[in-house]
Amino acid sequence: MATITVDGKEIEVDEEGYLVNLSDWFPAVAEEMAKIDEVELGEDHWDIINFLREYYEEYQIAPAVRVLTKAVAKKLGKEKGNSKYLYELFPYGPGKQACKFAGLPKPTGCV
Amino acid sequence: MAMLHTVNKSPFERNSLNSCLTKSKEGSTILLIEDAVLGALKGTVIADKLTTAMTTKNIYVLGSDLNTRGFTEADILDGIKVVDYSGFVDLVAEHANVQSWL
Amino acid sequence: MSDDIKKFMFVNTKAPYGTVYALESLEVVLISAAFDQDVSLAFCDDGVFQITKNQNTEGSGMKNFSPAYKALGDYDINKLYVEKESLEERGLTLDNLMDLTYEDEDDDWAEKPSIKLVTRAELADLMDQQDVVISS
Amino acid sequence: MKFTLLINEGPYQHQASDTAYQFAKAAIARGHEIYRVFFYNDGVNNATRLAIPPQDDRNITENWAALAKEHDMDMVVCIAAAQRRGMLDADEAERQGKDAHNIHPAFRISGLGQLVEGGIQSDRLLTFGD
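Protein chains in written order, with our numbering: chain A, 1 to 111; chain B, 1 to 102; chain C, 1 to 136; chain D, 1 to 130.
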């Protein structure tokens, strides 16, 4: 099993870099995952990551991208609630990459 | 075109035939398959219920599932029609939609 | 025919947790939202137990998936038909069920209930009108 | 007419897969098309290439595979249900870092969207389950 080191702690991740144990997440984990993916996390990234974590906490599912964009538009404004904006922040896709940084379960690629 | 309902549970063990009978419309068709074919037998505690249902709904049974369990057309209630798999396919094609009562 | 919107109804007849059908059916429902079809859900027989309030799976160690039903409104799935007779037979009322709502885009995002109580006869009519019925 | 069949139970434990198979054969013989067979819930287990049923019993997986080959039938295993139950094809095994895979080559792994799409594209969708 692969691991990443965050604040001196060894954290288990799977082949694609997702957390093995979701309870291992804390903000520095997202920073480390982003560093590996060569993404520098700014406030805009954190808005989305925090949104995803809150959504998951409430509904126990990761939102579909369509649902995410709609909800982001409502909460953070129309200019941020579109997939172009989200893909700029998370080049590998808000569904996959942002969920990984946010410590949500790996999407099974259902559609 | 009316609706086709399939039921696959023995009515002596599970409630799905009852659900189907109470939630299907008049003029619809019910096909008993798998263990549900046991509900078509004569002299059971549900025979009266099926006989009543037959006044407003068409009831079929899948013959091969009946034979598989040791029974034939002679053992089932009058008015229940026997179909083979081709007949099953035709029933699906002839009705507007299908619901499986699982 | 393929260009038309079809009416899909997911009919839930089984209680949750004892078997996996309720959970995996909900997964299909969430995916179906991406296809812009006319999707509705029916809860009858033991299916009404899928949306009871206060589900707590701590002791059983299972995943509590009941919060996901609350997300259905976000997925534009807001036709949830609950059969009145099934509730009554089980000693339940609407108060035992979760508050499932959606925001109506055409009405200034007013929050409205998604659950609609229907009689057995009304449910039979609704099923009859569907193009595709997927039950479990 | 085009049919999509949904199979929700594994082989041998339940008759659902046998019933669906006989239905598919009869439908094809009747001149209909099986647009897709979608395996969900424990139905994903129908796709194992590692089962060894006794020689005097039917081989459900091979029966499906032969019918699919003969009629160019699309057989889809739900990826989410398959992953939960340890059913992987070679690509998935590699992607997930697993040392084995067990899905018969006559089946393909894909998403639940394929079931909904089957319902849209077919004239009838028929469920076989418990």
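Treat each hint with caution, since some may be false.
The following label-pair restraints were derived from C-beta to C-beta distances [claimed, not checked]:
1) A:D47 x C:E122: 43 to 51 Å
2) A:E38 x B:A93: 52 to 60 Å
3) B:G70 x C:E58: 45 to 53 Å
Each computed DSS-like pair below joins lysine-lysine, with the alpha-carbon atoms no more than 27 Å apart [said to hold, decoys possible]:
4) B:K25 x B:K81
5) D:K2 x C:K7
6) D:K2 x A:K9
7) A:K70 x C:K7
Here are some chain D residues the structure puts well away from chain B; computed CB gaps all over 12 Å [said to hold, decoys possible]:
8) T19
9) P53
10) D91
11) K98
Calculated directly from the structure, the hints in this document are not laboratory data.
The beta-carbon is built from N, C-alpha and C at its ideal position, and this holds for glycine as well.
Item checked: Hint numbers contradicted by this structure -> Going through the list in order, the structure violates hints 6 and 8 and respects the others.
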